[in-house]
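A.B. asks: Per our numbering, the sequence shown starts with residue 1, numbered consecutively.
A hint or two may mislead.
Just the calculated beta-carbon pair ranges, DEER-fashion [unchecked claim]:
1. ALA62 to ARG179: 22 to 30 angstroms
2. LYS9 to PRO75: 35 to 43 angstroms
3. ASP96 to ASP63: 13 to 21 angstroms
4. ALA49 to PRO73: 32 to 40 angstroms
5. ARG5 to GLN106: 25 to 33 angstroms
6. THR82 to THR129: 32 to 40 angstroms
7. ARG105 to PRO75: 30 to 38 angstroms
No more than 20 angstroms apart at the CA atoms, straight line, and that leaves these computed lysine to aspartate or glutamate pairs for EDC-like [what the hints assert, rightly or not]:
8. LYS9 to ASP125
9. LYS26 to ASP86
10. LYS126 to ASP104
What the hints contain is simulated information worked out from the structure, not anything from laboratory work.
A virtual CB, placed ideally from N, CA and C, is assigned to each residue, including glycine.
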Amino acid sequence: MAEVRLVPKDALILVDVQNDFCPGGKLAVVGGDEVVPVLNGWIRAAREAGAMIVASRDWHPADHSSFREQGGPWPSHCVQGTPGADFHPGLELPEDVLVVSKGDRQELDQYSDFEQTPLAGALRDKGVTRLFIGGLAQDVCVRATVLDAVRHGFETHVISNGSKPLNDVSGKQALEDMRLAGAVVEQ
């Protein structure tokens, strides 16, 4: 974990650390499960600091518009109520975690945790001003969430060793995009 001290006005956002995005899953990110121990360290630090913890999940209906069978770009993944949609079993989520479901409407593919969800309001209600974001995949949903967090005016930090991209080239570009937007990329 980086040498960052969390405080109660911080929030940790864990993006889509789900079985289907880890090795053996339907849309596996190479090394996706390697983020789990890193993020567990951040979870422990957040709990000790009294910071808010958020875990997002893709929560797709079986006929979601993003699936190839429906003409979309992705294989079927994270279907509601299936083991693939479950959070990785090693992720040490506390009981009071705020779970944000996205992509739960057939016609809407939400990459960002902020897109048509109550997340921004929930963070503001708790007085959160600074976010630390990690998860899967770095070049898709993590990138979209970070860019939206910056647009919403939060001081935003990317946990780079707590996220993995679909591929290295787009991962490097995503980190650059996030940095250029104003996010701090933690090593």
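A.B. asks: All the hints need checking, so say for each whether the structure fits it.
C.D. replies: Going through the hints against the structure:
{"no.": "1", "hint": "ALA62 to ARG179: 22 to 30 angstroms", "result": "violated (38 angstroms)"}
{"no.": "2", "hint": "LYS9 to PRO75: 35 to 43 angstroms", "result": "holds (39 angstroms)"}
{"no.": "3", "hint": "ASP96 to ASP63: 13 to 21 angstroms", "result": "violated (33 angstroms)"}
{"no.": "4", "hint": "ALA49 to PRO73: 32 to 40 angstroms", "result": "holds (38 angstroms)"}
{"no.": "5", "hint": "ARG5 to GLN106: 25 to 33 angstroms", "result": "violated (43 angstroms)"}
{"no.": "6", "hint": "THR82 to THR129: 32 to 40 angstroms", "result": "holds (36 angstroms)"}
{"no.": "7", "hint": "ARG105 to PRO75: 30 to 38 angstroms", "result": "violated (19 angstroms)"}
{"no.": "8", "hint": "LYS9 to ASP125", "result": "holds (11 angstroms)"}
{"no.": "9", "hint": "LYS26 to ASP86", "result": "holds (13 angstroms)"}
{"no.": "10", "hint": "LYS126 to ASP104", "result": "violated (25 angstroms)"}
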